[in-house]
Amino acid sequence: MKEKEQEKSLIILMAYSVLSPRQRSEFCALLAGELDYDYLLKQIKRHKLLPLFINHLKSCEIENSSLEVCLKEEQAEYEKRLNCCRILDLELCQITKLFAERDISYAVLKGPILAHDIYDSLDKRTYNDLDILVKKSDINVVSNILEEQGYIQGDWDNEKEEIIPAPREMLLTFNLLMHEIYDFKKMIDQCLVSIDLHKELHVPYRKNGQPVFNVDAFLNSSCWPNLENIKFYGEQISTLKWNYFLLQLCLHAYIDEVSPFNYIKTNGGNLRAYCDIRELILSKRSSINFYQFIDLVEEIKVNEPIYYILANLFEIYDDMEEILASVLFRLRPNNLAFMNEFGYSMEVLGEQRGRYSKPFMERIFDNSPQEDFERQKHLFRRSPLQSQLEFLGSTETKKDS
Amino acid sequence: MDNNTKEVKQKIRQIIMANLPQGNSEDVPYEADLFSLGFSSLNAVPLVLELEEAFKFEFDMDEIQYDNFQTIGDIIKLVSRKVSGSA
Numbered sequence: 001m002k003e004k005e006q007e008k009s010l011i012i013l014m015a016y017s018v019l020s021p022r023q024r025s026e027f028c029a030l031l032a033g034e035l036d037y038d039y040l041l042k043q044i045k046r047h048k049l050l051p052l053f054i055n056h057l058k059s060c061e062i063e064n065s066s067l068e069v070c071l072k073e074e075q076a077e078y079e080k081r082l083n084c085c086r087i088l089d090l091e092l093c094q095i096t097k098l099f100a101e102r103d104i105s106y107a108v109l110k111g112p113i114l115a116h117d118i119y120d121s122l123d124k125r126t127y128n129d130l131d132i133l134v135k136k137s138d139i140n141v142v143s144n145i146l147e148e149q150g151y152i153q154g155d156w157d158n159e160k161e162e163i164i165p166a167p168r169e170m171l172l173t174f175n176l177l178m179h180e181i182y183d184f185k186k187m188i189d190q191c192l193v194s195i196d197l198h199k200e201l202h203v204p205y206r207k208n209g210q211p212v213f214n215v216d217a218f219l220n221s222s223c224w225p226n227l228e229n230i231k232f233y234g235e236q237i238s239t240l241k242w243n244y245f246l247l248q249l250c251l252h253a254y255i256d257e258v259s260p261f262n263y264i265k266t267n268g269g270n271l272r273a274y275c276d277i278r279e280l281i282l283s284k285r286s287s288i289n290f291y292q293f294i295d296l297v298e299e300i301k302v303n304e305p306i307y308y309i310l311a312n313l314f315e316i317y318d319d320m321e322e323i324l325a326s327v328l329f330r331l332r333p334n335n336l337a338f339m340n341e342f343g344y345s346m347e348v349l350g351e352q353r354g355r356y357s358k359p360f361m362e363r364i365f366d367n368s369p370q371e372d373f374e375r376q377k378h379l380f381r382r383s384p385l386q387s388q389l390e391f392l393g394s395t396e397t398k399k400d401s
Numbered sequence: 001m002d003n004n005t006k007e008v009k010q011k012i013r014q015i016i017m018a019n020l021p022q023g024n025s026e027d028v029p030y031e032a033d034l035f036s037l038g039f040s041s042l043n044a045v046p047l048v049l050e051l052e053e054a055f056k057f058e059f060d061m062d063e064i065q066y067d068n069f070q071t072i073g074d075i076i077k078l079v080s081r082k083v084s085g086s087a
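These protein sequence lines are chains A and B, in that order.
So that you can map any letter, position 367 of the first sequence is 367 in the numbering used here, and since no number is skipped, the others follow by simple counting.
So that you can map any letter, position 66 of the second sequence is 66 in the numbering used here, and since no number is skipped, the others follow by simple counting.
These are calculated hints, taken from the structure and not from any lab test.
Beta carbons are placed, not taken as given, at the ideal position from N, Cα and C, and that holds for glycine.
Mixed in with the good hints there might be a few duds.
Derived EDC-like pairs: lysine to aspartate or glutamate, alpha-carbon spacing no greater than 20 Å straight-line [as the list claims (entries may be wrong)]:
1) A:Lys241 <-> A:Glu161
2) B:Lys56 <-> A:Glu321
3) A:Lys135 <-> B:Glu63
4) A:Lys135 <-> B:Asp60
5) A:Lys135 <-> B:Asp67
6) A:Lys284 <-> A:Glu341
7) A:Lys97 <-> A:Glu148
8) A:Lys241 <-> A:Asp295
9) A:Lys72 <-> A:Asp117
10) A:Lys231 <-> A:Glu321
11) A:Lys58 <-> A:Glu79
12) B:Lys56 <-> B:Asp33
13) A:Lys301 <-> A:Glu200
14) A:Lys135 <-> B:Asp62
15) A:Lys301 <-> B:Asp33
16) A:Lys358 <-> A:Asp89
17) A:Lys124 <-> A:Glu61
18) B:Lys82 <-> B:Glu50
19) A:Lys136 <-> B:Glu7
20) A:Lys136 <-> B:Asp33
21) A:Lys42 <-> A:Glu91
22) A:Lys136 <-> A:Glu61
23) A:Lys186 <-> A:Glu162
24) A:Lys136 <-> B:Glu63
25) A:Lys136 <-> B:Glu50
26) A:Lys4 <-> A:Glu315
27) A:Lys231 <-> A:Glu3
28) A:Lys241 <-> A:Asp117
29) A:Lys80 <-> A:Glu34
30) A:Lys135 <-> A:Asp103
Among chain A residues calculated to face chain B with C-beta under 7 Å, some are [said to hold, decoys possible]:
31) Asn140
32) Asn144
33) Leu172
Some residues of chain A that are not near chain B, with every Cβ distance over 10 Å (derived) [unchecked claim]:
34) Lys97
35) Pro165
36) Phe314
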């Protein structure tokens, strides 16, 4: 008999933003049964499903004192997170206004767009930081704007109760090894606001050390068709056109699942990422041109990452066949070995790949990704790199939205 | 070329050579592609730090990119501009 089947069924149901009447009955019935709350809560946290769980819980009139006790701390954290999201939103309004005044092209990614435009409810989709795509050529100006607003590239020190600037070596390592900009942070009303500037879309390979997708050209003000304006607290903010937003979400989810760097932080990906993608596809179905999406994927040669994510999406959700079947058919590579592999071609790590020991639907419920990586770490080890990996793994930054 | 400029260039070259994977070699021409000699992002971090320390300036993040670090000549051009204050 397989273990934790009821808990696993509950978790899968949690990864739907809206439950059908049949699903709601099933959800409430499972909750009324005997459950391993420790395991359940661990999985809810791992898969970032707490907001959805709390929302679905409201629809069940269950008196379950054990569950209430378990959830008390999580509920308090959730309320605090909601409050922080409102502060993040205000900061986002302020910062994007400053960008517009100085004619800086940008695209807000992930959290705030998903919460306010896709899920249509902050209650269901919280976030920890703001992710903003900007041109490489604007990084300096944007950094200055953030610094003028009191942001510091550094980390919160609990003892000193202040943000300590990151050492120069850390800033350079993020820029040169990870091609990222170190987070900007500011404490506002006991909420640590973190802004993640991106100058690249997460395409998991480079050509001669250069990104394959030219963000600067993409964000050029003459390329407005690539950006979408959405209403945000009565103002307008820019995000990616939905084809590109879907691309970016899928690529980010893929990197979270297969990048050894990200294992250290995310334990091999999470169900919320798949929920985000499903919600986007369903809510923007009429705006996403899947033929153009396929062309885009083939143009930048990311068939494998996109197929990986969409095929797994197909496995999790039983209502995506009509939309995804033809997309998967077009994108399907000949060799599907990569579906059970992690690690990918990177400037630093090279061509090595490890193998998962379990199929996707099993490993999302346990720690096998971590164990798989630990067991095959030797594939990725180069002596000058090992200390860099440990150095980067020890940072407490870069929390996911 | 005045002695000051010559000294700056020699110092820059010295730092670059010390950070190349193969170690010191006086035979690497100014226009040789450093990345084809095994130079990578891993070497770039200590190189950038040493250049900044030696010449007392900080690169802007948008200056630290492939095009500016491809050859010894590229790096000398960038650092010289920073040192003279015109970058």
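Please name the hints from earlier in the document that this structure breaks, with their numbers sorted from lowest to highest. 1, 2, 6, 9, 10, 12, 15, 16, 19, 20, 21, 22, 25, 27, 29, 32
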